[in-house]
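A.B. asks: Protein chains in written order, with my numbering: chain A, 1013 to 1515; chain B, 1013 to 1515; chain C, 1013 to 1515; chain D, 1013 to 1515.
Just so you know, the hints here were simulated from the structure itself, not pulled from any lab data.
You may find that some hints are simply not true.
To be verified - Okay, derived cross-link-like pairs now, DSS-like style, lysine-lysine, Cα gap no bigger than 27 Å in a straight line:
{"hint": "1", "chain 1": "D", "residue 1": "Lys1380", "chain 2": "A", "residue 2": "Lys1380"}
{"hint": "2", "chain 1": "B", "residue 1": "Lys1162", "chain 2": "A", "residue 2": "Lys1162"}
{"hint": "3", "chain 1": "C", "residue 1": "Lys1461", "chain 2": "B", "residue 2": "Lys1380"}
{"hint": "4", "chain 1": "C", "residue 1": "Lys1380", "chain 2": "C", "residue 2": "Lys1461"}
{"hint": "5", "chain 1": "D", "residue 1": "Lys1380", "chain 2": "D", "residue 2": "Lys1461"}
{"hint": "6", "chain 1": "D", "residue 1": "Lys1380", "chain 2": "C", "residue 2": "Lys1162"}
{"hint": "7", "chain 1": "B", "residue 1": "Lys1461", "chain 2": "B", "residue 2": "Lys1380"}
{"hint": "8", "chain 1": "A", "residue 1": "Lys1380", "chain 2": "A", "residue 2": "Lys1461"}
Protein chains: 4
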Amino acid sequence: MTAAFPLPQLAETPRDAREKCGVVAVWGEPHPARAVYFGLFALQHRGQESAGIAVTDGVRIERHTGMGLVPQVFDSNTLARLDAAAHAREARHRGRPGGAIGHNRYSTTGASRPENAQPFLASIRGGPLAIAHNGNIVNARELRTSLEDKGHAFYTSSDTEVILHLVASLSRGRQNDPLAEALRMLRGAFSLVFLSHDRVEVARDPWGWRPLSIGITAAGNPVAASETVALDVLGARHLRDVEPGEIVTFRDGPAGGPPLIETRRFADPAPRLAQCVFEHVYFAHPASRIFGQTVQAVREKLGEQLAREAPAAADAVLPMPDSGRSAATGFARASGLPYREGIIPNRYVGRTFIQPSGDERATAARLKLNIVTDLVRGQRIVIVDDSVVRGTTTRGRMEQLRAAGAREIHLRIACPPIRHPCFFGVDFPDSAQLLAHGRDLEQIRQTLKVDSISYLSLDGLLAIAAGAGAAVEEREKFCSACYSGEYRIPIPAQLSKDVLAKC
Amino acid sequence: MTAAFPLPQLAETPRDAREKCGVVAVWGEPHPARAVYFGLFALQHRGQESAGIAVTDGVRIERHTGMGLVPQVFDSNTLARLDAAAHAREARHRGRPGGAIGHNRYSTTGASRPENAQPFLASIRGGPLAIAHNGNIVNARELRTSLEDKGHAFYTSSDTEVILHLVASLSRGRQNDPLAEALRMLRGAFSLVFLSHDRVEVARDPWGWRPLSIGITAAGNPVAASETVALDVLGARHLRDVEPGEIVTFRDGPAGGPPLIETRRFADPAPRLAQCVFEHVYFAHPASRIFGQTVQAVREKLGEQLAREAPAAADAVLPMPDSGRSAATGFARASGLPYREGIIPNRYVGRTFIQPSGDERATAARLKLNIVTDLVRGQRIVIVDDSVVRGTTTRGRMEQLRAAGAREIHLRIACPPIRHPCFFGVDFPDSAQLLAHGRDLEQIRQTLKVDSISYLSLDGLLAIAAGAGAAVEEREKFCSACYSGEYRIPIPAQLSKDVLAKC
Amino acid sequence: MTAAFPLPQLAETPRDAREKCGVVAVWGEPHPARAVYFGLFALQHRGQESAGIAVTDGVRIERHTGMGLVPQVFDSNTLARLDAAAHAREARHRGRPGGAIGHNRYSTTGASRPENAQPFLASIRGGPLAIAHNGNIVNARELRTSLEDKGHAFYTSSDTEVILHLVASLSRGRQNDPLAEALRMLRGAFSLVFLSHDRVEVARDPWGWRPLSIGITAAGNPVAASETVALDVLGARHLRDVEPGEIVTFRDGPAGGPPLIETRRFADPAPRLAQCVFEHVYFAHPASRIFGQTVQAVREKLGEQLAREAPAAADAVLPMPDSGRSAATGFARASGLPYREGIIPNRYVGRTFIQPSGDERATAARLKLNIVTDLVRGQRIVIVDDSVVRGTTTRGRMEQLRAAGAREIHLRIACPPIRHPCFFGVDFPDSAQLLAHGRDLEQIRQTLKVDSISYLSLDGLLAIAAGAGAAVEEREKFCSACYSGEYRIPIPAQLSKDVLAKC
Amino acid sequence: MTAAFPLPQLAETPRDAREKCGVVAVWGEPHPARAVYFGLFALQHRGQESAGIAVTDGVRIERHTGMGLVPQVFDSNTLARLDAAAHAREARHRGRPGGAIGHNRYSTTGASRPENAQPFLASIRGGPLAIAHNGNIVNARELRTSLEDKGHAFYTSSDTEVILHLVASLSRGRQNDPLAEALRMLRGAFSLVFLSHDRVEVARDPWGWRPLSIGITAAGNPVAASETVALDVLGARHLRDVEPGEIVTFRDGPAGGPPLIETRRFADPAPRLAQCVFEHVYFAHPASRIFGQTVQAVREKLGEQLAREAPAAADAVLPMPDSGRSAATGFARASGLPYREGIIPNRYVGRTFIQPSGDERATAARLKLNIVTDLVRGQRIVIVDDSVVRGTTTRGRMEQLRAAGAREIHLRIACPPIRHPCFFGVDFPDSAQLLAHGRDLEQIRQTLKVDSISYLSLDGLLAIAAGAGAAVEEREKFCSACYSGEYRIPIPAQLSKDVLAKC
């Protein structure tokens, strides 16, 4: 007779997935689930794999999550069911309809797992608690092992579950602030929203990696969201960003008054902040205001700077659709060349599309983009894009332009070459798959088969991200590790090995 | 500034759902997921809300669950993906393909919750652990509160999650047998199957409430299932039932040999067993052998005994389809009356059916059952059914028979009147909704508008369930609380209040 | 330069599909689509491939058809949309809500074609016309070729479309009765329902092959349906059957009065009728009254007659589920042997079921049926079934019974051996696939591996189908060509070659 | 006794639907269904309601149609099944894989009718015939009535079915060319593709209303499509457009050789052509070459001309996404103002989106478009769009820009005001719903609440559509009736009444 469940040689561990995500939270809204739905819709670009919303009825928390886009996951019935929870609270506490949080999730891991859809919801000592997370915790593995040793059971491979268990675990005794205590144990990037029966709490890591903004609706209710574009959609005024190391609480105010917005610190801001510069380059919505500047304006300026750093003798500037349009208008303006839309994306190309195979490969490319031959044939053209990651798509498009008769192609990229992995929430492929990994500029040019190629300088990028007239120190507030390889905090050997192992 | 998450007035607690379910486990099968699939299919009558299967690859455990019937939840691709885990193990440990467990779940709670689908799977200190459960734990609420106080986070309202956390929690230290220790803390009905990276463990509560049988396939591999009908489908020989208070382990045997079947006790059998007599009356499959007797033969004998206890002067015996057929053949045989199929159920009536409304109500009944008018008009008929719960369906059918011209209707029920709730895994409605609750026989007769009604006596039922020639003490091995109100273990006030509160 | 569209060598022609189907028609009902829906539901056993309903609004006809079972094809919204047409008519003509027809279709042809779903709806000279058909027209091919030569375009391969075009074609001139004229040109089996803007017309072929009954609802509205079980469901009284060669019309009566039921003949009844005896044996619903007798009572009597013709020394009679139950009760009654349900069909087996492959074949059989071993092991059993077509299922079940320990198996079939194809609406497989085709009784016994086998005699069958005390000539009113090979009308060479060609 | 089916007062008639559609045809391709699929995908902008493909196997024609976008209607299995027909032909006629045609359909009629999905397929005297149509036949109603009088039955309300029946009807006798004869009877707009067992035939109406081009693939196989962008996707070289009044045939060439392309006339070109100028303004794909010019280049020039005709004192030019981008770049270039993308469309807005209601209306607008506030606040902006139809969307966007702080808004539209319905294939709303119907320029300005508004002149539009340096007569080759009300052929009273009746 033997003891049950001896240790296997390899324990199941978090898969260190690096996810891009969006979060939203509201308090005091009459239809909080609908409000969060519209906010998530505005943040759909941050994650398309799954979506979820949690709403409190003052005692319990109702939750709905699903795979797919926000409008696929939620229909009117589901939203009405969730908002019924808020109405139940309102009936109990006159005039206080309660709150909700929501999450969009993006993951490139092959197996889409419904159980990873957030918000997570659990019953802990203090009552029900829901959580949604944008970022990546680099010490999740060691925290989880330690909790398992204490008798905890984990249902997912997500680092977000580790945060939830930490809070539950610290709610055991009589601590003053289990949430702050838990957040102090985390190392990495996190913009978090929590919902309990009587409040919303939102928090941002001490390095400020991911954006997180607070606003206030016309009715005076507080809102938090990953980006200001979600505040805009809700008609909310942008108050300020959550500060690195800060927890902000939304809860009922005195009878008849608006909700309260309270603040406390769980940690001092890091001496060197690590705002992700790639949010400005690619990830954030053009209409959002991130780290103090409007994204679209930044991108136009990157194009202008690129034109100054790397001009080209050409007949026209063509944007790579849709990613290069902002920088291309800046490039055209600064260079004086005409801006022409010569590459037309097929707006019906989606995931269900039948892939052409074998001899139909050229057809595949032509289905995704149509070249306006008259604008390209016999011309010297500048193609502007915001960034290049793998380069496979870019190469195909360059071939397509050449086949359409372009005389010269000058490729201009509005950021430096990406050469290093990100451990803080952007899901780049393994280094070996990055176009610029191990290739110099001439090798890249040959790979893409263009007549000339230039990237924007890192100095140029940081100067513009910091803002016109900013002191040089301001440039230090950005993490640009994907370009430079300089990480703000040490990466555990296991994490970097995971990546290396795949190379 | 306030502490996070103060206690709400009512904590979210388990909803004390009483579920009927089926479980299956195999070890050593070449395609363990397919084997469990076929076993679950044979147990579909025990639960139609959700189904799930978990398979180990020797290190991790793969799992798939979904809402609906077994063939709706699983397709060939899903089974192949699960069995790939077993094949991975086989490749590692030559000739040892590993094991799987599965679960069918039935719930009448309004909101079907995908997260309640079993098997549950967690990563705990000892590695991955999957669990599936048939039964109901009556002290789940207090166990859960105690675990929450220790810092545990619960994701569902299921008592099965409490069992899982108990095992995780006791795996913290150096206990000899955390599984046995956990099971000893449970009070209530449980037939359980567990899967870890290197074994299956199956266990049955000390009272023996729910059935759980072990068999061995033609290839020599061990199988466990809620009912023998699942063993039959797999071509497995029925070895014996798991004993009350016993844990049976399936794991790899010595190289080249068949798997081992090991046994240990976590508790002595209860002094008075509590085998559920309603399994024989209604719930178990007719072809199963339960608590030592074949169900179909028992049901025929219940009909014979009923004919002896309550004969009727009539022209023919008609079974209530499909539930009364077994008892009706026994009744016809013992009474000498002809057996005639005069009530034909529509086999296409399903859940998507459009409900007739208002003046179409009679149409609704006629859609579900067609009366063969020639066999009923002007006749004195005996209608035999196995049991009556709410009585609403029965009343409608009696009206339908009368409308078809029946001269006399004599209703005969092959078990006593059901008057009390079950806390051990059968989901009866609240007492107030039971036909026989607070009604004497004459009142029941008037409610159903029949010419006479008789139920089988409790003595008659128990004598036949115990088996021909069994000592009187054998009758004491059955729980018949739904008829008598005598519960084998005390019911916590909260549980019985829950029911009363609903009345 | 060449002429367009020269003749291909093989023209696309009707595929001579032999379909079992059900039809329903109502006039004057307040919700005619819902009424037809319930009627079709009651006739679901006549066809499961597609369903459809057409309703008139007094000018146009609205139609909905779809693949699958009736409740899959129609939801409340669809029925409400269809009934809105009737309400529009009611608003126009006070108190006259109009009518509807419907159809269930069964086809074993591999390619399910949505465009073959009936009712068909067309706009012709006289206005819109909808049609639904049960039967098979043996001269459809030559009628269609003739119409194509006149410039007609056909969209389907269905013989029903030919009927529709015939009516349209004859509506050209000033004929007194284009419908009667069209029907006179058809040879074969047809029970038809038509809907135009102001009436329903129903017709039955001069041979009376397929059933078609008329009833009247409690509100005084006329109903027609393939079987009386549909009248029962609608609470309608069975008036009489449509006579061979008759057209019955339902249309508005004088203001304030009930609808009119009018009759006319398009042909005299055939000198020798050809009522399909297989409707009684297998196809019709047990609760229906067909060709003057109740189906269930006929089937019981077939079992009694079988016991007289072919008794067996045995311990019990077991029905083959679900088809043999009626005959088995008759057999048990006449033989004095006990009737026992020892073969339990799995009611969850459906089309989505994953087929066991290779070594799992025995599992497949056991999944579909469970044997109650105690009732079979060591016993001499009589198995009664209504008919045997291919015999493959029967053989598997006999093996299963033997494996469960049956000592002797005596198979009794309540009709004669089926040896010939049907060209009049029953979709038997090609002759070569019929068990009894080219095999004598002993060969059949060996094929099925039973200890004895007997079929009911053709005389016995026809005597009971004709009814107790019927004159011998009454037996001549039935078509029994599938047993005898004697077809009432000559089969075109092409049709019989089609079958032979496949052999 | 009465005659069947007397005439109702209103016969069901074609609904005069005006549809925008796309057609494709190929001959000789190894996978003709896949080729047509890719072609339809490139023409998706011409119709999103349904799609369909028909393929011949040399004798029969296989067809698949469905509701939705091309990739929703077809999956790999469906395409493989269709292409199997072509492979069957290839096996029969070595090296001649046959052909296929396809259709995209757009309809704004409320009830989407699956039976209206094209290609239509029928069996006629000459064998199977499939047809697909882009355009609108204005004398369809009278042709259909005449055919019904001859005994024809119509299944749809589509004018395309009338064309099919005409061809069938004329194939009766020994005409030399039933197709040409049928086309000569049609008045209106039609670009047609036909498939029979041995050829494709494509035809264009004598007025040349809709585009239709012919190309040749790298392998030498002929292709026809509504727009050249579909030829591009298939890697086909654009040979020329089908001429007004021409039929072009694709069929097998001599053994071993490429397919033949043959031509004949069914009519002379109309003295005044009627090429739809709105194809250039809005409808055609920017990368297509239509009526002799590249669409994108035409649109840029319309913007340039607009800047010359109606300059504005402003800070920046913003395109209305996505429709105004081409004209806006032209406007910016000619005016010297900076081009800035300040209005960002949400690319996830689709049809399943939950509509905000009541007080959420402003949210709805903000969900569809996000304003980059920094580029708009305090600025004088020119907004350029290609056209305005109803104006409701435009008005909402102007409000949104004003709310974002725009100081002055100058709206510039790159075509004249639309004031008249189209009867030739563009589905404009009823006149009364057109913004410019009954409003002068100042009224339009006030309705849209902008500081200034200007439309391009009709002369300016036609001069550019005709091409640089074209003779003034060339401008007469375009139909511009939606601007001018001058229709090339008389509109039947019924058709124009239909529209007026709705006003």
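A.B. asks: Against each hint, give a clear statement of whether it holds in the structure.
C.D. replies: Hints and how they fare:
{"no.": "1", "hint": "D:Lys1380 x A:Lys1380", "verdict": "holds (23 Å)"}
{"no.": "2", "hint": "B:Lys1162 x A:Lys1162", "verdict": "holds (10 Å)"}
{"no.": "3", "hint": "C:Lys1461 x B:Lys1380", "verdict": "violated (38 Å)"}
{"no.": "4", "hint": "C:Lys1380 x C:Lys1461", "verdict": "holds (20 Å)"}
{"no.": "5", "hint": "D:Lys1380 x D:Lys1461", "verdict": "holds (20 Å)"}
{"no.": "6", "hint": "D:Lys1380 x C:Lys1162", "verdict": "violated (56 Å)"}
{"no.": "7", "hint": "B:Lys1461 x B:Lys1380", "verdict": "holds (20 Å)"}
{"no.": "8", "hint": "A:Lys1380 x A:Lys1461", "verdict": "holds (20 Å)"}
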